[in-house]
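Undergrad: The residues making up each chain are set out below.
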Amino acid sequence: MKKMTYSNPVGVGKFTGLLLISPFILGFLLFTLSPFVCSFILGLTDSDGISAPVFNGGENYIRMLTDSGLHKAIGVTFRYTALLVPLKMLVSLAVALLLNMELKAMSFYRTAFYIPSILGANLSVVIMWQYLFTSGGLVDQLLGTVGASHVSWYGEPFHAMMIIVLLRLWEFGSTMVIFLAALRDIPRELYDAAKTDGCGRVRAFFHITLPMLKNVIFINLVLQTISAIQEFNAPYMITGGGPMKETYTLGMLIYDEMFRFNDAGYANAVSWVMFVLIAVVVALLYKLTGRMREGTK
Amino acid sequence: MKKLFSFITAFSCAAVLSSCGSKNKSEITKPDGKLDPCTLRFSWWGGDDRHEATLEAIELWESKHPDIKIVPEYGGWDGWTEKVTAQIGSAAEPDILQINYDWLITMSSDGKGFYDIGTLDGLDLSGFDEEVLSFGKVGGIMNAVPVSLSGRGLFYNSDVFSSVGAEYPSTWDELSDLGSVFGDKDLYPIDLDIQSGGTAWYFAVVYIQQKTGREFITMDGQLGFTEDDIRDALVFYKDLEDEHVIRTLKTRTDEDGNAALYQSSEFIDGKIAGVLEWGSAVGKYESVLLQGVLEAGPFLSDGKGNNGGWMIKPSLLYAISKNTDHPDEAAAFMDFLLNNEECAEILGTTRGVPASSYAEESLEKNGKLTGPAQDSNEMLDKLDTVTISPYMELSRMKEFYNTAIEAVSYNTADPSEAAHEMYESIVRYLEKIRK
Numbered sequence: 001m002k003k004m005t006y007s008n009p010v011g012v013g014k015f016t017g018l019l020l021i022s023p024f025i026l027g028f029l030l031f032t033l034s035p036f037v038c039s040f041i042l043g044l045t046d047s048d049g050i051s052a053p054v055f056n057g058g059e060n061y062i063r064m065l066t067d068s069g070l071h072k073a074i075g076v077t078f079r080y081t082a083l084l085v086p087l088k089m090l091v092s093l094a095v096a097l098l099l100n101m102e103l104k105a106m107s108f109y110r111t112a113f114y115i116p117s118i119l120g121a122n123l124s125v126v127i128m129w130q131y132l133f134t135s136g137g138l139v140d141q142l143l144g145t146v147g148a149s150h151v152s153w154y155g156e157p158f159h160a161m162m163i164i165v166l167l168r169l170w171e172f173g174s175t176m177v178i179f180l181a182a183l184r185d186i187p188r189e190l191y192d193a194a195k196t197d198g199c200g201r202v203r204a205f206f207h208i209t210l211p212m213l214k215n216v217i218f219i220n221l222v223l224q225t226i227s228a229i230q231e232f233n234a235p236y237m238i239t240g241g242g243p244m245k246e247t248y249t250l251g252m253l254i255y256d257e258m259f260r261f262n263d264a265g266y267a268n269a270v271s272w273v274m275f276v277l278i279a280v281v282v283a284l285l286y287k288l289t290g291r292m293r294e295g296t297k
Numbered sequence: 001m002k003k004l005f006s007f008i009t010a011f012s013c014a015a016v017l018s019s020c021g022s023k024n025k026s027e028i029t030k031p032d033g034k035l036d037p038c039t040l041r042f043s044w045w046g047g048d049d050r051h052e053a054t055l056e057a058i059e060l061w062e063s064k065h066p067d068i069k070i071v072p073e074y075g076g077w078d079g080w081t082e083k084v085t086a087q088i089g090s091a092a093e094p095d096i097l098q099i100n101y102d103w104l105i106t107m108s109s110d111g112k113g114f115y116d117i118g119t120l121d122g123l124d125l126s127g128f129d130e131e132v133l134s135f136g137k138v139g140g141i142m143n144a145v146p147v148s149l150s151g152r153g154l155f156y157n158s159d160v161f162s163s164v165g166a167e168y169p170s171t172w173d174e175l176s177d178l179g180s181v182f183g184d185k186d187l188y189p190i191d192l193d194i195q196s197g198g199t200a201w202y203f204a205v206v207y208i209q210q211k212t213g214r215e216f217i218t219m220d221g222q223l224g225f226t227e228d229d230i231r232d233a234l235v236f237y238k239d240l241e242d243e244h245v246i247r248t249l250k251t252r253t254d255e256d257g258n259a260a261l262y263q264s265s266e267f268i269d270g271k272i273a274g275v276l277e278w279g280s281a282v283g284k285y286e287s288v289l290l291q292g293v294l295e296a297g298p299f300l301s302d303g304k305g306n307n308g309g310w311m312i313k314p315s316l317l318y319a320i321s322k323n324t325d326h327p328d329e330a331a332a333f334m335d336f337l338l339n340n341e342e343c344a345e346i347l348g349t350t351r352g353v354p355a356s357s358y359a360e361e362s363l364e365k366n367g368k369l370t371g372p373a374q375d376s377n378e379m380l381d382k383l384d385t386v387t388i389s390p391y392m393e394l395s396r397m398k399e400f401y402n403t404a405i406e407a408v409s410y411n412t413a414d415p416s417e418a419a420h421e422m423y424e425s426i427v428r429y430l431e432k433i434r435k
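Going down the list, the sequences are from chains V and B.
Reminder that position 57 of the first sequence reads as 57 in this note's numbering, one-by-one numbering, no gaps.
Reminder that position 284 of the second sequence reads as 284 in this note's numbering, one-by-one numbering, no gaps.
Calculated from the structure, these hints are not laboratory results.
Accuracy of the hints is not assured; some may be wrong.
To be verified - Coverage of chain V stretches by chain B, computed from C-beta distances (three or more under 8 Å per stretch; other residues unrestricted):
| id | region |
| --- | --- |
| 1 | 124 to 134 |
| 2 | 260 to 273 |
Unchecked claim - Listed next, the in silico BS3-like pairs over lysine-lysine satisfying Cα-Cα at most 25 Å (straight line):
| id | chain 1 | residue 1 | chain 2 | residue 2 |
| --- | --- | --- | --- | --- |
| 3 | B | Lys250 | B | Lys271 |
| 4 | B | Lys238 | V | Lys245 |
| 5 | B | Lys30 | B | Lys250 |
| 6 | B | Lys137 | B | Lys30 |
| 7 | B | Lys83 | B | Lys64 |
| 8 | B | Lys185 | B | Lys112 |
| 9 | B | Lys365 | B | Lys382 |
| 10 | B | Lys382 | B | Lys304 |
| 11 | V | Lys245 | B | Lys83 |
| 12 | B | Lys250 | V | Lys72 |
| 13 | B | Lys365 | B | Lys64 |
| 14 | B | Lys432 | V | Lys72 |
| 15 | V | Lys245 | V | Lys104 |
| 16 | B | Lys322 | B | Lys112 |
| 17 | V | Lys245 | B | Lys250 |
Note that the structure is predicted; figures quoted are calculated from it, not measured.
All C-beta atoms in this analysis are idealised placements derived from N, C-alpha and C, irrespective of residue type, glycine included.
So that you can see chain V by itself, here it is in the shape it has in the complex (with noise of 0.2 Å):
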């Protein structure tokens, strides 16, 4: 039989590889490497954003430590993290398992969920969200027909804090996509067999579904607590940081640092801060996962 020889349009040579991973490796030195050293650099000066920067050494991570707004908005960040990843992880998966069921216009209903995820917190959401939760929106006037007293959600810090958590919440598709497709790859034997040995619904779930996506749960905990910490666009549309600081997010004063008070030294020395409390957060979960992760291996 006659050897089939196939023609490669780049050439063999040593560098083909190089070649074909090019786009990437200089993508990464100039939109991630170069930012990332150039953000540590810049926290060692007194850099204003305009004028040339002056290294002034560890002047920027000395002020963090008496720097108490920064305290706040670190507690702050974690308060939401908090608040919002739990939630998120419990809609998000019970949704994709009804998602999961074979319904009619199953279709529909999953754009449909996904399309918050599409319209994130922008100009638009903000104007809804206005709608929906200023004195005599429409929640107000839900709650006084079952008799309920007016609740202040812009005004009141933990209530204000929520309704950004609602809104993250909302656009549950990112993460209700990745446990469906999870889902979907758990083989049908294993409800067939559990089913006759006389295995119910919840005992399925809790003995079959949950231990096949521990995974899957672990990458959406890792991935949705990352983007929580970073959380910077629905306060700054929503509530604008308040009321006192109450929503006031590590991102926000990054931002504010660095292009309201022109403090561009401070501001990539906090970003470097947020950095090592990703790495630390996202350690921490891996080591308190780890158990449960091994058992499914």
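Place chain B on chain V using the hints.
TA: Positioned in the frame of chain V, the structure of chain B alone reads:
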């Protein structure tokens, strides 16, 4: 292979180091006195009335200079400083910029942040008062030209005041008395904010300046108020809330969310009957009113003939980017915006009453020097005003004011505690940034 990796490493290091520094052109383009075909970018912030008038003015310019195109970049005030800061930081700013007074400190502390307008022949500054022009100079270098001088004044919805049967107040006491009159109908005579406007602290500063004769911040960046003055200002603000003259911050946030007052239904529907606003920016409030007209009210006095303490500043300035490739053309366009009669007629008072006597005469001749902005300016001219220090308007300073106002409004600190914190923060910060 080793050579290739060395190249990649060297390339990435070069990219990092070159991108970390400030990105300005190595040489400033010198003027050549000619107008060559080109495209210029011009940016400004404002409300719809200003946008529409400016776009029309650009059309007029392009009909007279078809070879010099103007690309407009415009938006609302919120977030505008941040946008321009980012543009300047990456040397991507427009050729001509509308700038705010305090930007001269933050973006051109040595006078070299913008093009030296003094070197350009195409811009006629003979219609400007020398004192007005001095507001645009940093270290003796002409960085910008003031478009107008303006002060914040009180503007009222005539319909709401008529329906309540109230007169516009002329003293602080009369304003306080309006709280109960309006409160009976669940209305408010005025509104103050701690958002981008920051009118809450501004109003309190005017009150204390009038009472004590001391300037809050001096032109060279010294704090003129004592800690007790700051406490009195915070007490004054809190009293306004307690007397129902203004909404509490909680009520305001609850009703408007994060929206500016002129976008809120409370103002548009007439629940809020008055605003404290720059004469140069009051158009955005006028244009949204469903009923009634906005009228300028008297500048409040103590009722014993003391009406000082009210402040003025160059409301806006035009500057040219130091990175522009077309300084002559930019100067010609700026001259058109500032001095041209037809352009002045189109722009009207959307940026306040023009500082250029040519533009002002044109408006007067055509009967366009009317409206609340002009009325307010005329009243302001008769007062013994204080020129606002650009240091007062710095974003970080506004943060100190707003933190204190919020603490007092939400009762998380009493005025003395909040004043102490604010006093210490301001002194520390001014010491740090003063040149």
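Undergrad: Each hint: holds or not?
TA: Do the hints match the structure? See the list:
1. Counting residues of the region 124 to 134 of chain V whose beta-carbon sits less than 8 Å from any beta-carbon of chain B gives 5, enough to reach three: the coverage restraint holds.
2. Residues of the region 260 to 273 of chain V lying with their CB closer than 8 Å to a CB of chain B number 4, which satisfies the three-residue condition for coverage.
3. Proposed proximity of lysine 250 of chain B and lysine 271 of chain B is supported: the alpha carbons are some 16 Å apart, at most 25 Å.
4. A hinted pair counts as satisfied when its Cα atoms are at most 25 Å apart, and lysine 238 of chain B with lysine 245 of chain V qualifies at roughly 20 Å.
5. For the given pair, lysine 30 of chain B sits about 54 Å from lysine 250 of chain B by alpha-carbon distance, which is inconsistent with the 25 Å threshold.
6. Between lysine 137 of chain B and lysine 30 of chain B, the direct Cα distance comes to roughly 20 Å. Compliance with the 25 Å bound is thereby established for this hinted pair.
7. For the hint pairing lysine 83 of chain B with lysine 64 of chain B, the CA-to-CA distance comes to about 31 Å; that exceeds 25 Å, so the pair is violated.
8. For a cut-off of 25 Å, the pair hint linking lysine 185 of chain B to lysine 112 of chain B is broken: about 55 Å separates their Cα positions.
9. Among the hinted pairs, lysine 365 of chain B with lysine 382 of chain B is consistent with the structure: their alpha-carbon atoms are about 23 Å apart, no more than 25 Å.
10. Note on lysine 382 of chain B and lysine 304 of chain B: the hinted pairing holds, with a Cα-Cα distance of about 16 Å set against a maximum of 25 Å.
11. Of the pairs offered as hints, the one joining lysine 245 of chain V and lysine 83 of chain B holds, with about 22 Å between alpha carbons and a cut-off of 25 Å not exceeded.
12. At most 25 Å may separate the alpha-carbon atoms for a hinted pair to count; lysine 250 of chain B and lysine 72 of chain V meet this at roughly 20 Å.
13. Between lysine 365 of chain B and lysine 64 of chain B the alpha-carbon distance is near 23 Å, which keeps this suggested pair within the 25 Å criterion.
14. Pair hint lysine 432 of chain B plus lysine 72 of chain V holds up; C-alpha atoms about 23 Å apart against a cutoff of 25 Å.
15. A threshold of 25 Å between alpha carbons decides the hint, and for lysine 245 of chain V with lysine 104 of chain V the separation of about 46 Å lies outside it, so the pair is violated.
16. Distance hint between lysine 322 of chain B and lysine 112 of chain B is fulfilled; the C-alpha atoms sit about 8 Å from each other, no more than 25 Å.
17. Using a Cα cut-off of 25 Å, the hinted pair lysine 245 of chain V and lysine 250 of chain B holds, with the two alpha carbons roughly 13 Å apart.
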